[in-house]
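Asker: Here is how the chains run, residue by residue.
There are 2 protein chains.
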Amino acid sequence: MKILRINMTALEYIPQEVPLEYINLGGRGLTSKLLSEEVDPKSFALGRDNKIIIAPGLLSGSMAPCSGRVSVGAKSPLTGGIKESNAGGTISQYLAGHDIKALVIEGQPSGKNWWVLVINGDEVKFEVRGDLQGLGNYETMNRLKQEYDSDCGIMSIGPAGEQGCTIASLAATDLEGRPTRHAARGGLGAVLGSKGIKAIVIEKPEKMNKKGVHQEAFRETAKELAKSLVSGKAALTKYGTAVLVNAINEVGGLPTNNYRTGYNQEAGQISGETLHELCQERGGTTGHPCHRGCAIRCSNVFHDAQGEYVTAGLEYETIALLGSNCGVNNLDEIASLDYICDDLGLDTMDMGGALGVAMEAGVLEFGDYEAMKKSILSIVTGGDTLGKILGHGAALTGRVLGVERVPVVKGQTMAAYDPRTLKGTGVTYATTPMGADHTAGNALPGRGGIDCKDPQGQTELSKKLQIISMVCDILGVCIFVGPVEENMATFASLTSSFTGKEISVGGLLEEGRKILRTEVAFNEKAGLGKETNDLPGYFRTEALPNNGLTFDVSSHELNEFKY
Amino acid sequence: MKILRINMTALEYIPQEVPLEYINLGGRGLTSKLLSEEVDPKSFALGRDNKIIIAPGLLSGSMAPCSGRVSVGAKSPLTGGIKESNAGGTISQYLAGHDIKALVIEGQPSGKNWWVLVINGDEVKFEVRGDLQGLGNYETMNRLKQEYDSDCGIMSIGPAGEQGCTIASLAATDLEGRPTRHAARGGLGAVLGSKGIKAIVIEKPEKMNKKGVHQEAFRETAKELAKSLVSGKAALTKYGTAVLVNAINEVGGLPTNNYRTGYNQEAGQISGETLHELCQERGGTTGHPCHRGCAIRCSNVFHDAQGEYVTAGLEYETIALLGSNCGVNNLDEIASLDYICDDLGLDTMDMGGALGVAMEAGVLEFGDYEAMKKSILSIVTGGDTLGKILGHGAALTGRVLGVERVPVVKGQTMAAYDPRTLKGTGVTYATTPMGADHTAGNALPGRGGIDCKDPQGQTELSKKLQIISMVCDILGVCIFVGPVEENMATFASLTSSFTGKEISVGGLLEEGRKILRTEVAFNEKAGLGKETNDLPGYFRTEALPNNGLTFDVSSHELNEFKY
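As they're listed, the protein sequences go chains F and P.
At position 181 of the first sequence (counting the first as 1) the number is 181 in this note's numbering, and the numbers step up by one without a gap.
At position 285 of the second sequence (counting the first as 1) the number is 285 in this note's numbering, and the numbers step up by one without a gap.
A couple of the hints might just be wrong.
Same chains, same names: a pair is fine if it fits in one copy or spans any two.
Computed list of lysine to aspartate or glutamate pairs in DMTMM-like fashion (alpha-carbon distance at most 20 Å, straight line) [stated by the list, open to error]:
{"id": "1", "residue 1": "LYS204", "residue 2": "GLU486"}
{"id": "2", "residue 1": "LYS112", "residue 2": "GLU365"}
{"id": "3", "residue 1": "LYS2", "residue 2": "ASP49"}
{"id": "4", "residue 1": "LYS42", "residue 2": "GLU542"}
None of these hints come from the bench; they were simulated from the model.
This one's a predicted model, so the numbers in the text were calculated from it and none came from an experiment.
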């Protein structure tokens, strides 16, 4: 294994031996540790001193089920703090197959060229590709697949990342080579763009099956886990994450009309059940895997009424934020907006949040799909003020339009779980170094055996989930396997047999805690101290009309929060 | 004396007795103390929970020379922290004449009406004035003077404040009833706009001469101070604050081309000397007082080549930031931009900073006056993205345009003193709760007897100046009288004889320190902790080409900074 260090100032690369302390880290563990050691927390996120680090999870490339998540880390131009965003697709297993522990991309080229990096084994080619400038992720990937190999892995940015939109995503190829998997959150696409990089092509490696040190034990545990996932996650397989639309709506936490209410009467039209039916009718797919070896297969391929491909990987959060939160209750419309965001390279969640805020300001109408489409597209078509503003997310949009009701923490749009109803997730929004990111520790109804609406015990639950989520992110294991305590023994066993170094559940959790503390320390130096660990005031004062709840976990608890 | 509490939700007012602890406070002392007691630091700056407080200085309305500053305080929508911005003109003496210790404006009206408040003695009239919507400050004040009294005092906002631009100013009438005095910094005009208030008319009070408790002693000290100011500030009287153009340029700290350099070869064209000549040639004025009883008279009235009025109160900071910093080296052009900003109600300094950043991004050309004019005016004419962005200042402009070299602290544009050359002012930028505001403690060359270019001793000097400046702001005394230690005995004597309560120099300084600590505590709760007490990194790494200096006061010193 090696760390492949790519310097965009000098246009040089060096494969480096992996320092001992990083050997048993992967994914977010590695991105956050490297960032905190190598990047000045006060540096300009889109400048030469930031780095973007791409690291497969520790177990990626092995037969551990659902272990194909790749972490992308950098100082975020959106939150101003440390950020990790991970994606499925082919990238993680390909990097692991090349024995790459991490790509560390640093510096900044002089001049205004756009580069494509081509990675194969220990080698990096730097190719000037001005012809790709301005292209969407779909066309970019299509061209690159034709030129290299239809099986290559690609991470790319769309026009949003090129233009430095601070909610720009990094697209990653799915199994069909489409840009439907995204390291979406925190504007990391703008960071790649700031390095002059339009795309990274990763040639398909010859071998992709990492067997681990104690092969037999590893295989056995992996097999058992896969079996339990296939039987235990049937709803996710059938309906995808969209299964949450009805579930979260029923509990009263589905963001609707810029978080004005947590109950959407028309949620049935955009539910996982409806999605499943439409896919069946139109030749789309549910139960689609985002990477090889996924035992859950929560993804989907969505077709229009004519049976033509529209988008893939249509997730609950996209449906809730570009849909319900913007008054759009039509899956065809949401799918089309999802395609546009994937193509331009935008986080659907922060874009949904920003559009909701623009609607709150009266600049757009709730439910006006055509106007939403036009506003997002104006990032490329120009001529409209709004796209330029929306492309920087809900916080900036709220600032420019003078809106109070802006559902953000640390400048990032809340994921699609109203914290007044899902209070544990609210604690995560407030306290995670990541901004209002559900993947950092999502306290879904039922988790931890407490009522999600009860303020008591949510801080402890969130902390537990945040630590377990971190463990998943280090291992590269999808959080749909975790984040539950019951799996920790399996993770410890997998990690021990894979690395050959015995680690207990406690050891694994302590590793997670350590990285979280590292992230907190980075943020504090960056100016995001614990004072920023709270939700916007109106979540505490404005009750949800559907259930009368406010966010009432005490500020003191949030303030005292420590991993 | 009373506190006049105006509730914009209920459209009611109550004159309140002044609590004992506020009796000997005024100006910033009162605004900051009231804000910290009554406003939640986390509240939305443009929402119902913020308050805007307008308080004359403690000595305002008396014959103490240059004591006519009025403080405006609120949570700032620009910095997110506590803010005080003060202005000259007629307001302070009028409020004092009505025995008003402070106007405390709270709440928010429902509906979208624009209101004018008319204040006379203990009474407030609320008048709906939709007809004023969209008008500039000049036309607004002209209409109101015709309707009320040509001698009334007015504070108003222009279209920028109506639209919630977070660098919107509050204009205040000068002695000629023009909107040339501004509480400019921190977006306080947007806060007034968020309360639905277009203007506040203050009828001219019958009596304006507060004599103090020990009348004789007070008069004597005041007279002596006036005499010393007339003889000691001759350069300011002759050239206005523009006298600093050549002085700061020669020391190498005049911001030029977005702070790329601190020396402008063409500074002579925009100097105080040139301004003085043009005023003499064209029938303008220098040595113009901004309020009655000013012994310094640093203001001016600027005419065009045809002898027609262009603007008044053209200050060094405006010339440096809208001029030199944007590559504009022509006083006619700068005066015209100053007029536009005064009329629209914009902080010339943050607008200059924002334009410089747009030039850095290549969106505008350095020196392109016509394009600057068009961009600023697009806030009212619409149709251009840029105005909407510039109206939120340099920090947001930098964020949207992806620029690293953004000269801000706590989101506010640095005043026109390059901190690499004027290191004490740099310490003030970094540490004051006000953002990068020179009026909080400006370490001009020669102050404190140390070399402004030497990093040693600057923290102590800045601290001293910040405390003395606070004392000036409490008393309502122009900082051109202070902030020097030699005047503190005079201030103590004036305060003692005015209030009848003996206060020593030490006591006065301790009062200043207390208010500063109160402000720091507010900011910490608002999320602006000491991690935000630093300059953008490039001031530490990028040397000024003219003198090779970087900002090298240690971060540790800034971090340990305490009043």
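Asker: Using 20 Å as the alpha-carbon threshold, which applies to LYS204 and GLU486: within, between, both, or neither?
Answerer: neither (35 Å within a copy, 76 Å between copies)
Asker: Given a CA cutoff of 20 Å, do LYS42 and GLU542 count as a within-copy pair, a between-copy pair, both, or neither?
Answerer: between (35 Å within a copy, 15 Å between copies)
Asker: How would you classify LYS112 and GLU365 at a CA-CA limit of 20 Å: within, between, both, or neither?
Answerer: Result: close only across copies, 18 Å inter versus 39 Å intra.
Asker: Should LYS2 paired with ASP49 be assigned to within, between, both, or neither, using CA atoms and 20 Å as the limit?
Answerer: neither (22 Å within a copy, 55 Å between copies)
Of the hints listed earlier, those the structure fails to meet are numbers 1 and 3, in rising order.
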